[in-house]
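> Start from the sequences and build out the full structure, keeping to the hints where you can.
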Amino acid sequence: MNRIYMDNAGTTPTSPEVLAKMLPYFGECFGNASSIHSTGRDARKALEEARRKVADALGAKPNEIYFTAGGSESDNWALKGSAFARQDKGNHIITSSIEHHAILHTCEWLEKHGFEVTYLPVDEYGRVDPADVEKAITDKTILISIMAANNEIGTLQPIPEIGKIAHAHGIPFHCDAVQAIGAVPVNVNDWNVDMLSLSGHKFHGPKGIGALYVRTGTKLESFVHGGAQERGRRAGTENLPAIVGLGEAITLATQNIEEKSLRIMQMRDRLIENILKIPYTRLNGHPMQRLPGNVNVSIQFIEGEALLLRLDLAGIAASSGSACTSGSLDPSHVLLAIGLPHEIAHGSLRLSLSDWNTEADVDEVLKVLPGIVENLRSMSPMWDDFISKNNQ
Amino acid sequence: MNRIYMDNAGTTPTSPEVLAKMLPYFGECFGNASSIHSTGRDARKALEEARRKVADALGAKPNEIYFTAGGSESDNWALKGSAFARQDKGNHIITSSIEHHAILHTCEWLEKHGFEVTYLPVDEYGRVDPADVEKAITDKTILISIMAANNEIGTLQPIPEIGKIAHAHGIPFHCDAVQAIGAVPVNVNDWNVDMLSLSGHKFHGPKGIGALYVRTGTKLESFVHGGAQERGRRAGTENLPAIVGLGEAITLATQNIEEKSLRIMQMRDRLIENILKIPYTRLNGHPMQRLPGNVNVSIQFIEGEALLLRLDLAGIAASSGSACTSGSLDPSHVLLAIGLPHEIAHGSLRLSLSDWNTEADVDEVLKVLPGIVENLRSMSPMWDDFISKNNQ
Amino acid sequence: MYSEKVMDHFSNPRNVGEIPDANGVGTVGNAKCGDIMRMYLKVEDGIIQDVKFKTFGCGAAIATSSMATEMVKGKSLKDALALTNKAVAEALDGLPPVKMHCSLLAEEAIHAAVEDYIKNNPEEAKKAGIEL
Amino acid sequence: MYSEKVMDHFSNPRNVGEIPDANGVGTVGNAKCGDIMRMYLKVEDGIIQDVKFKTFGCGAAIATSSMATEMVKGKSLKDALALTNKAVAEALDGLPPVKMHCSLLAEEAIHAAVEDYIKNNPEEAKKAGIEL
Ligand SMILES: Cc1ncc(COP(=O)(O)O)c(C=O)c1O
Ligand SMILES: Cc1ncc(COP(=O)(O)O)c(C=O)c1O
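Going down the list, the protein sequences come from chains A, B, C and D.
All you need for this note's numbering is the position in the first sequence, starting with 1, plus 1.
All you need for this note's numbering is the position in the second sequence, starting with 1, plus 1.
All you need for this note's numbering is the position in the third sequence, starting with 1, plus 23.
All you need for this note's numbering is the position in the fourth sequence, starting with 1, plus 23.
Source of the hints: derived by calculation from the structure; they are not laboratory data.
Check the hints yourself; a few may be wrong.
Just a few of them, taken from the derived set where beta-carbon distance is under 10 Å, the chain C residues facing chain A [unchecked claim]: (1) Tyr25; (2) Glu27; (3) Val39; (4) Pro43; (5) Ile59; (6) Gly80; (7) Ala84.
Derived pair list, reagent style BS3-like, types lysine-lysine, alpha-carbon separation capped at 25 Å [unchecked claim]: (8) A:Lys113 - B:Lys141; (9) B:Lys62 - B:Lys46; (10) C:Lys28 - C:Lys150; (11) B:Lys220 - B:Lys62; (12) C:Lys28 - B:Lys46; (13) C:Lys96 - C:Lys55; (14) B:Lys22 - A:Lys22; (15) C:Lys55 - C:Lys65; (16) B:Lys165 - B:Lys220; (17) B:Lys113 - B:Lys90; (18) A:Lys113 - B:Lys46; (19) B:Lys113 - A:Lys90; (20) A:Lys141 - B:Lys113; (21) C:Lys96 - C:Lys28; (22) D:Lys150 - A:Lys46; (23) D:Lys150 - D:Lys65; (24) B:Lys220 - A:Lys113; (25) A:Lys62 - A:Lys220; (26) A:Lys220 - A:Lys113; (27) A:Lys113 - B:Lys113; (28) A:Lys220 - B:Lys113; (29) D:Lys55 - B:Lys390; (30) A:Lys390 - C:Lys55; (31) C:Lys98 - C:Lys109.
Virtual Cβ for every residue (Gly too), placed ideally from N, Cα, C.
This is the structure we're talking about:
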């Protein structure tokens, strides 16, 4: 079966070009970049070249880029590292209620360690109001962290405005841009960010590698302590093949981004338009300010996991904000934050596209999805109850 | 030039067998192991298979193995995670003065956050005395962390005895076994450890992947907060290719370990015996209780980095405990802890072997090293002064 | 994550639907938690002659509903009341730990339908040796 | 990490050795920190006719010693006293930041040797227009 992959917000395959660049660094050029012998020196050259590529993609300076093991580590580092480094200035952090768990659970941990966190609400489209950010600032605020693009509903946040507010108050601003890289143009200066997290596997780079951008002068404690790697700020033998892969992947992902996005947006909009023709469905997230590749719809009277499994049997990989996919009883905190009732949130479907998807993929999804929905509804007691109520 | 690599304690190349096992997981089977569609489910199968392999290699249960980004993260997690999880019981940690920086700098960070750390001394061979461990225990001690094998001088610690003492006092025991895996047999039960750190790239596995063994029932906070990966204890999209590589590498590394070690020890001992024939040299570390592949000698009147560079020009990659290789002015804390004066510590050379080394490599090193030493001494004012003093 | 049996019962659920003249109906779960199961029974002479279900829920919810109906079909009311979630899960070659609550729901749905029958037909139930 | 120039001066250091009849000798650094440099000068008519060094230290220490001797050979005492560590580092196409102290040591070693000469030969120095 020719499988269709529409879970690119979850992870993406490493592109063959990227893998090809990585391969020499497993074998021939495997050196420890911190060693002084020539095996180590060759490694260092590749490392710094990759750092320059990541910096270029963000409009940053190479010495502002630190490699990490992924988006989660970058987020943990930015939050805990700032919190502890600026503890003398205050203990208040501002974030949003729809951040990724790598931010939210880190905030919860910080709350157990003496910090106070404001979780800003979002509107029905998942947007943070910059005015709310400004209102939440106190003289104890030491950090603001808002994501660039939501991983579930794809909503883009007004990052440059929020950054401007943060800076007007002299507060460092962190942005989780894990979903934004390769999807929308990212520039740390235009965005007024002081720290920015990214993760390689979200844009056809390798897994287990990410980066944290840290603007020169930003106070930040180390998170992983140990050796003097990454100029003493992030310990651990450098993961050279993955670092080289990240450099290559981010270069490819940020090339011709407008053109690529346009093509992806066309597929996205065709999916949305046609899925919404199924009765009792709704689009989640902002209609315009959304990731080019993100489709998130709630399909009433059916449950997300069952839908995913049926799609999977039909050769389509997707994801859901259903509780059942996570093992908890509550559905996605993001869907609840935009005001969906639980029973509707349970029936959500996320299709996330990359530039590897084709119009034929879209055709196929649109061909099989309505039948699956109909079938699942036909076995749903909620659908029954709804129909008989409407017939009365 | 046919290069000889004797810096295996720094890092090792990923073996072709291991890389071959990894490759499918970059492309065809790239799924997110936490997704429920079949791409994700295949990923999960591979993940759990790798976990079983790591567990088998340590005599542990699969659900006691957590994947991390490497040895440094494992060490940070074990220490910070235990410290915060057991804060109500006390604030005292016992470790040794010759641990890796991933332990020592983490301890220093914990000291800034209300914990107290005892850094046990070592004898002239770098051994921790189990009696010292027992003496250091107070009713506030919440963790003991001692490395299995030192990365610089190769000294093996009496881990089972120390573990027994820890357990007799009801204190959890962590062991940094990064250098021990694949070099000596490791068994978490025989060793009486509750947590154990390891890192893939030290035994011909990939970089950027490691594991922390956590005995069932051990209290440990998360270190990287976020998604529910690794049963909610370590967030971040699973680095599947590297995890598969780690599983393969640890299986290969722990196979026929006695036989392999014997061969490596023979090379080691031939190196030591012959290098010590150069006048004014000494062996660092324990003569018997040492890693099969570790040679560490101090060569008086010359400086380590210059020696490494000369060896490198002769096609031999090695390392040193010289300050000059680290950019600090103090030489290795390990060499100072075993009582070497600074000027002798500066002239240390570490040759670390893996089973990829050959007797021919040893021949070559023994052929070129004496000439290099002689040449460097001939330009050393310290050597001049020493000779003229002895001639008086 | 799911066994082949679970996937089989999920993709080809047995006994989906309604029984128009059911004499025992039970609904358990709630939409807020993401699972609702409704069981329809046709009981004659103390024997479950027919059983059907409708379920809103995840793969495990659908599979356990299907399996539970298979397990009580043709059985006595007593047997149906003795059905346990463990038995359902085992018949499916196991369920992931986080999904065990689905098998509990299936057990409860069957029990609720049987109890509904008993409430509506106390005489018949007594004949079959069952009282609430 | 090191430039080609540094590696060249490290692998083929110029002017290594002693001058048995040196009239200016300077030693700086200490073994504890891992670097000792000793410079030997043969000065005639205010000109450094010959210069040699011995160095215990890292690659940069050896390379800067070598370069510094090259830079003062055939030069006047005044020129030698004007030698800066920056000039030495630049002549080597730069040094890693953590190694800049080596170039400082090379500057100090040259200066120490010149000062030794001046101390021992105050009259000659005066003739060359130099006083301590
Ligand atoms: C004993 C010891 N612990 C920890 C580490 C850290 O491992 P990694 O560099 O893979 O993070 C190393 C190696 O660098 C080591 O030798
Ligand atoms: C918005 C966002 N932040 C952080 C992460 C965490 O990244 P990783 O799983 O690579 O650690 C993800 C993806 O899982 C994400 O979508």
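> Each of the hints needs a verdict: does it hold here or not?
Now the hints, each set against the structure:
1. Tyr25: Cβ of tyrosine 25 of chain C sits 8 Å from chain A, so the hint holds.
2. Glu27: Since the shortest Cβ distance to chain A is 13 Å, the answer is violated.
3. Val39: Holds, about 5 Å.
4. Pro43: violated (12 Å)
5. Ile59: Check passed: Cβ of isoleucine 59 of chain C comes within 5 Å of chain A, closer than 10 Å.
6. Gly80: holds (5 Å)
7. Ala84: holds (7 Å)
8. A:Lys113 - B:Lys141: holds (22 Å)
9. B:Lys62 - B:Lys46: Holds. Lysine 62 of chain B to lysine 46 of chain B sits at ~17 Å (cutoff 25 Å).
10. C:Lys28 - C:Lys150: violated (37 Å)
11. B:Lys220 - B:Lys62: holds (17 Å)
12. C:Lys28 - B:Lys46: OK: lysine 28 of chain C and lysine 46 of chain B at ~18 Å, within 25 Å.
13. C:Lys96 - C:Lys55: Answer violated: lysine 96 of chain C to lysine 55 of chain C is near 30 Å, above 25 Å.
14. B:Lys22 - A:Lys22: holds (18 Å)
15. C:Lys55 - C:Lys65: This hinted pair is violated, its Cα atoms lying about 29 Å apart.
16. B:Lys165 - B:Lys220: With Cα atoms ~19 Å apart, lysine 165 of chain B and lysine 220 of chain B stay inside 25 Å; holds.
17. B:Lys113 - B:Lys90: Judged against 25 Å, a Cα distance of about 18 Å means the pair holds.
18. A:Lys113 - B:Lys46: Judged against 25 Å, a Cα distance of about 36 Å means the pair is violated.
19. B:Lys113 - A:Lys90: holds (17 Å)
20. A:Lys141 - B:Lys113: holds (22 Å)
21. C:Lys96 - C:Lys28: holds (18 Å)
22. D:Lys150 - A:Lys46: violated (52 Å)
23. D:Lys150 - D:Lys65: Roughly 16 Å between the alpha carbons, so the hint for lysine 150 of chain D and lysine 65 of chain D holds.
24. B:Lys220 - A:Lys113: holds (17 Å)
25. A:Lys62 - A:Lys220: Given pair lysine 62 of chain A, lysine 220 of chain A holds - Cα atoms ~17 Å apart, limit 25 Å.
26. A:Lys220 - A:Lys113: holds (22 Å)
27. A:Lys113 - B:Lys113: holds (17 Å)
28. A:Lys220 - B:Lys113: Within the cut-off at roughly 17 Å; holds.
29. D:Lys55 - B:Lys390: Roughly 19 Å separates the two Cα atoms, so the pair holds.
30. A:Lys390 - C:Lys55: holds (19 Å)
31. C:Lys98 - C:Lys109: holds (18 Å)
Of the hints listed earlier, those the structure fails to meet are numbers 2, 4, 10, 13, 15, 18, 22, in rising order.
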